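Q: Here's the letter readout for the chains.
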Amino acid sequence: MYSEKVMDHFTNPRNVGEIENPSGVGTVGNAKCGDIMRIYLDIDDKGIINDCKFKTFGCGAAVATSSMATELVKGKNIEEALKVTNKAVMDALDGLPPVKVHCSLLAEEAIHAALWDYATKNNIKIEGLEKPKDDISEEEVTETY
Amino acid sequence: MDKKIYLDNAATTATRPEVVEAMLPYFTEMFGNPSSIYEFASQNKKAVDEARTTIANSLNAEISDIYFTAGGSESDNWALIATAEAYASKGKHIITSKIEHHAILHTCEYLEKNGFEVTYIDVDEDGILKLDELKKAIRPTTILISIMFANNEIGTIQPIKEIGEIARENNILFHTDAVQAYGQLNIDVNALNIDMLSASGHKFNGPKGIGFLYIRKGLKLKSFIHGGGQERHRRAGTENVPGIVGLGKAAEIAMATLEERGQKEAALRDMLIQRVLTEIPYARLNGHRAKRLPNNANFSFQFIEGESLLIMLDMQNICASSGSACTSGSLDPSHVLLAIGLPHEIAHGSLRLTLSHNTTEEEINYTVDKIKEIVAKLRSMSPLYEDYVKNNLR
Amino acid sequence: MDKKIYLDNAATTATRPEVVEAMLPYFTEMFGNPSSIYEFASQNKKAVDEARTTIANSLNAEISDIYFTAGGSESDNWALIATAEAYASKGKHIITSKIEHHAILHTCEYLEKNGFEVTYIDVDEDGILKLDELKKAIRPTTILISIMFANNEIGTIQPIKEIGEIARENNILFHTDAVQAYGQLNIDVNALNIDMLSASGHKFNGPKGIGFLYIRKGLKLKSFIHGGGQERHRRAGTENVPGIVGLGKAAEIAMATLEERGQKEAALRDMLIQRVLTEIPYARLNGHRAKRLPNNANFSFQFIEGESLLIMLDMQNICASSGSACTSGSLDPSHVLLAIGLPHEIAHGSLRLTLSHNTTEEEINYTVDKIKEIVAKLRSMSPLYEDYVKNNLR
Ligand SMILES: Cc1ncc(COP(=O)(O)O)c(C=O)c1O
Ligand SMILES: Cc1ncc(COP(=O)(O)O)c(C=O)c1O
Ligand code: FES
Ligand code: FES
Chain A
1 MYSEKVMDHF TNPRNVGEIE NPSGVGTVGN AKCGDIMRIY LDIDDKGIIN
51 DCKFKTFGCG AAVATSSMAT ELVKGKNIEE ALKVTNKAVM DALDGLPPVK
101 VHCSLLAEEA IHAALWDYAT KNNIKIEGLE KPKDDISEEE VTETY
Chain B
1 MDKKIYLDNA ATTATRPEVV EAMLPYFTEM FGNPSSIYEF ASQNKKAVDE
51 ARTTIANSLN AEISDIYFTA GGSESDNWAL IATAEAYASK GKHIITSKIE
101 HHAILHTCEY LEKNGFEVTY IDVDEDGILK LDELKKAIRP TTILISIMFA
151 NNEIGTIQPI KEIGEIAREN NILFHTDAVQ AYGQLNIDVN ALNIDMLSAS
201 GHKFNGPKGI GFLYIRKGLK LKSFIHGGGQ ERHRRAGTEN VPGIVGLGKA
251 AEIAMATLEE RGQKEAALRD MLIQRVLTEI PYARLNGHRA KRLPNNANFS
301 FQFIEGESLL IMLDMQNICA SSGSACTSGS LDPSHVLLAI GLPHEIAHGS
351 LRLTLSHNTT EEEINYTVDK IKEIVAKLRS MSPLYEDYVK NNLR
Chain C
1 MDKKIYLDNA ATTATRPEVV EAMLPYFTEM FGNPSSIYEF ASQNKKAVDE
51 ARTTIANSLN AEISDIYFTA GGSESDNWAL IATAEAYASK GKHIITSKIE
101 HHAILHTCEY LEKNGFEVTY IDVDEDGILK LDELKKAIRP TTILISIMFA
151 NNEIGTIQPI KEIGEIAREN NILFHTDAVQ AYGQLNIDVN ALNIDMLSAS
201 GHKFNGPKGI GFLYIRKGLK LKSFIHGGGQ ERHRRAGTEN VPGIVGLGKA
251 AEIAMATLEE RGQKEAALRD MLIQRVLTEI PYARLNGHRA KRLPNNANFS
301 FQFIEGESLL IMLDMQNICA SSGSACTSGS LDPSHVLLAI GLPHEIAHGS
351 LRLTLSHNTT EEEINYTVDK IKEIVAKLRS MSPLYEDYVK NNLR
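Going line by line, the protein sequences match chains A, B and C. Every letter in the first sequence is one number past the one before it in the UniProt record's numbering, and letter 28, counting from 1, is 28. Every letter in the second sequence is one number past the one before it in the UniProt record's numbering, and letter 146, counting from 1, is 146. Every letter in the third sequence is one number past the one before it in the UniProt record's numbering, and letter 189, counting from 1, is 189.
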């Protein structure tokens with residue numbers, strides 16, 4: 001069902017975990033339809049993403065796209081990170097089965113949500129970034145630090 | 001473990017070698033069409049009759065009340081659609097449950113589009129039909145009650161005797177989808193007041209593509225597949241002789257081994273349940289603890305998602321499923337788990353393990369060890385688990 | 001002759017040993033449910049896909065337009081009933097022929113009971129559809145033309161290309177029951193404008209209980225058997241993997257051997273026809289002399305009755321039939337023979353001999369010798385023959 005790359009990122013996901021005091025964190029998805037993804041970003045003074053971690057509640061494709069997405073944004077600046085679309089993530093994974101395309105959207109949205117959080121905290125505006133869709137179900141716990 | 005561990009016997013089973021052996025001569029040697037007039041075909045006719053007799057006896061049914069079909073889905077469709085057509089003049093109301101197999105549910109939807117009304121009765125948190133709701137749902141126009149004998153996902157066995165009595169008292173026909181129960185449980189269609197019963201060969205170590213429908217004598221049901229006069233004019237199509245012979249052989253073995261096999265599987269299943277529930281936190285057993293199929297265990301693991309679990313088990317050579325195989329392409333959580341009251345995100349994290357007579361203690365222990373590891377790994381990646389831990393530390 | 005001579009290959013065929021060989025691993029080893037998620041089942045999914053590809057290629061069809069069923073009868077029922085349901089809003093008129101198999105005729109009767117109108121087109125004395133009648137029968141409300149590719153009793157091949165063109169010109173769907181033709185004749189669903197096509201494995205040396213329906217992409221047809229999401233949500237039921245693999249193998253062999261086998265069988269058939277017509281008086285060939293299946297011969301012998309002939313042939317170890325096997329329990333004369341204009345008493349005296357790739361010249365000669373003897377014997381007992389002789393002597 002899945003490509004070798006997907007299976008590789010699923011079995012050995014890169015960058016799983018949390019970041020203490022992250023520059024930005026974004027959680028997207030909806031537990032009701034089975035998918036939740038959270039991305040943590042550590043962004044330095046120059047706007048470079050030094051570190052990126054994730055946690056995912058979802059299928060094989062969701063885990064693999066999370067893993068690949070964190071790989072792709074690491075070391076990039078914010079502008080470049082915005083170009084990490086779901087298509088870019090899928091291409092990097094050698095594709096996904098049609099029913100699993102929506103899983104890859106989560107990764108893109110999660111990065112945007114984390115960047116939005118970063119922008120809000122620092123009172124800056126990121127060109128081309130829109131407020132992430134409020135797609136999270138009520139059961140979800142709001143972040144507390 | 002090098003060997004594959006197959007724990008998905010509710011999806012399908014291996015055909016027993018003795019069954020294949022029994023089928024073989026009917027492909028290349030005794031291949032005649034049983035409806036033919038010549039001597040050569042009479043062996044085949046006899047073989048078909050013998051299989052019919054074996055199956056009738058296993059249910060305490062009349063021989064001529066067993067009709068061969070291409071499997072459980074066809075049997076279910078036939079029972080519902082032909083009953084609806086035959087008894088529409090009496091009424092257009094049908095009662096079923098919320099946890100039926102899609103072969104029943106989607107056929108009910110089809111009938112709803114064709115002017116019938118269907119009531120879907122609730123089950124309790126163990127998956128047992130609410131009999132009081134069933135009684136309340138009965139109308140003067142109710143022509144059929146169709147309730148599965150045992151559930152394919154959570155293994156819960158329904159109070160079939162009580163349902164049969166309610167149907168009989170109200171003069172309503174009673175069909176049961178026994179696809180999961182036949183060959184695992186003793187069934188007496190007379191003692192249980194069953195008017196129609198569906199079963200499928202590949203669920204009890206018989207071949208795929210063959211099953212049967214029991215139809216009590218006197219019912220007005222017409223055929224579902226129209227054409228030649230086979231099966232006493234009720235099911236057209238050249239008889240699948242090797243399939244029927246295999247079905248008969250599988251039924252014979254299933255009945256002969258029923259008690260012993262059931263005890264052995266239930267013991268292993270109980271060990272499995274015991275270990276999982278004590279060794280893995282935030283795990284729950286779905287379905288009734290006692291009233292369940294001897295080979296079925298169904299768990300939910302909070303904070304994790306089913307597909308990831310299945311793929312990781314697969315990488316350890318363990319075949320399992322999260323519900324019915326025929327919907328595994330779908331992203332929706334199981335309608336059965338929702339019906340027993342699980343919230344969506346927990347329903348997503350379910351695991352069904354179904355044993356066979358070949359399952360060993362070693363396999364079960366290995367499987368539990370692997371589930372433990374995988375669940376821990378997936379939880380370490382789960383934002384839901386993270387939130388839960390954080391909230392409970394505060 | 002000690003050996004049985006099987007000349008009823010239109011009723012059913014022996015499964016080829018290579019076909020059984022191909023099926024075997026899918027019973028006991030690769031037995032998984034193709035809808036499952038684990039690696040173990042992916043072999044089976046692949047095997048099913050390969051069979052689908054083989055069959056699609058044999059018809060010049062798209063792979064995803066082939067749907068596996070339990071045989072010819074189910075395919076016919078599905079095509080007619082689902083088309084009727086899907087296109088009822090366009091119209092409720094269906095056209096078929098008077099010589100279809102009962103899987104079509106009885107399904108048409110079922111549809112007539114459900115508010116559809118069916119026109120049954122006549123055939124000429126060779127069994128060929130009257131195209132002018134077909135054209136005249138078309139109405140604005142006609143949604144389907146269903147005409148068999150070749151007849152199961154008299155072997156006549158219909159002008160399918162012309163019928164396909166008429167259907168296309170009038171924007172009407174065209175289904176053909178190719179149960180007798182598939183594997184014997186080259187069929188190109190695109191060149192022939194065929195929208196739906198039924199076939200059955202056991203008619204071309206594949207297993208019983210498996211067949212397929214070709215459904216051209218874009219047709220609105222829903223499922224006939226409702227339930228799980230198998231066959232792209234169009235045909236519920238756990239896939240009969242061994243059956244499908246066997247069907248694919250049989251199709252592969254049938255296609256590879258089609259020309260050579262057809263020539264060989266046609267040569268023997270012509271010898272058979274030649275000998276019977278020259279050596280037995282008051283015998284006639286039913287069906288078109290040239291436009292007929294390579295393996296089919298159908299005779300009528302005046303003054304005698306079919307059943308007696310068959311039983312006496314059986315006693316000489318010759319398996320033959322008087323028409324379709326599934327109606328051999330019936331006492332009515334064949335609707336096909338009546339449609340080509342035979343009077344009742346002659347229709348009763350018909351004999352169908354259908355050859356296989358294994359049929360030998362020796363078998364044919366032996367069979368003709370026996371037919372000669374038996375016909376003479378039965379005539380010596382026949383009052384009809386007595387009258388005829390008396391009248392012709394007077
Ligand atoms: C022309 C034709 N159509 C349909 C069928 C039905 O096929 P099956 O018996 O495999 O269902 C047959 C043979 O029985 C046939 O000869
Ligand atoms: C309860 C139940 N009913 C019906 C079916 C359908 O049987 P089949 O797939 O053999 O058509 C199944 C299994 O798939 C089942 O578990
Ligand atoms: S995360 Fe929803 S199915 Fe993949
Ligand atoms: S004489 Fe026997 S069927 Fe009529």
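Hints were generated in silico from the structure; no laboratory data involved. You may find that some hints are simply not true.
As the list claims (entries may be wrong) - Taking lysine-lysine and the BS3-like style, the derived pairs with C-alpha atoms no more than 30 Å apart in a straight line are:
id, chain 1, residue 1, chain 2, residue 2
1, A, K131, B, K46
2, C, K113, B, K217
3, B, K377, A, K5
4, B, K113, C, K220
5, B, K4, B, K98
6, B, K90, B, K46
7, A, K5, C, K113
8, B, K161, B, K46
9, B, K377, A, K53
Claimed, not checked - Pulled from the structure, derived: some chain B residues nowhere near chain A, Cβ distances all over 12 Å:
id, residue
10, A137
11, E305
12, S308
13, L309
14, E345
15, H348
16, G349
17, E361
18, R379
19, M381
20, P383
21, E386
22, D387
What the hints assert, rightly or not - Listed next, the stretches of chain A that the computed footprint assigns to chain B, with coverage defined by at least 3 CB atoms under 8 Å from CB atoms of chain B:
id, stretch
23, 79 to 92
24, 121 to 132
Keep in mind it's a predicted model, so treat the numbers as computed, not measured. All C-beta atoms in this analysis are idealised placements derived from N, C-alpha and C, irrespective of residue type, glycine included.
Q: Now tell me if each hint is right for this structure.
A: Now the hints, each set against the structure:
no.: 1; hint: A:K131 x B:K46; in the structure: 74 Å, violated
no.: 2; hint: C:K113 x B:K217; in the structure: 24 Å, holds
no.: 3; hint: B:K377 x A:K5; in the structure: 20 Å, holds
no.: 4; hint: B:K113 x C:K220; in the structure: 16 Å, holds
no.: 5; hint: B:K4 x B:K98; in the structure: 34 Å, violated
no.: 6; hint: B:K90 x B:K46; in the structure: 39 Å, violated
no.: 7; hint: A:K5 x C:K113; in the structure: 57 Å, violated
no.: 8; hint: B:K161 x B:K46; in the structure: 34 Å, violated
no.: 9; hint: B:K377 x A:K53; in the structure: 16 Å, holds
no.: 10; hint: A137; in the structure: 29 Å, holds
no.: 11; hint: E305; in the structure: 5 Å, violated
no.: 12; hint: S308; in the structure: 6 Å, violated
no.: 13; hint: L309; in the structure: 10 Å, violated
no.: 14; hint: E345; in the structure: 4 Å, violated
no.: 15; hint: H348; in the structure: 4 Å, violated
no.: 16; hint: G349; in the structure: 9 Å, violated
no.: 17; hint: E361; in the structure: 28 Å, holds
no.: 18; hint: R379; in the structure: 9 Å, violated
no.: 19; hint: M381; in the structure: 5 Å, violated
no.: 20; hint: P383; in the structure: 4 Å, violated
no.: 21; hint: E386; in the structure: 6 Å, violated
no.: 22; hint: D387; in the structure: 4 Å, violated
no.: 23; hint: 79 to 92; in the structure: violated (count 0)
no.: 24; hint: 121 to 132; in the structure: violated (count 0)
Checked against the numbered hints listed earlier, the structure breaks hints 1, 5, 6, 7, 8, 11, 12, 13, 14, 15, 16, 18, 19, 20, 21, 22, 23 and 24; every other hint is satisfied.
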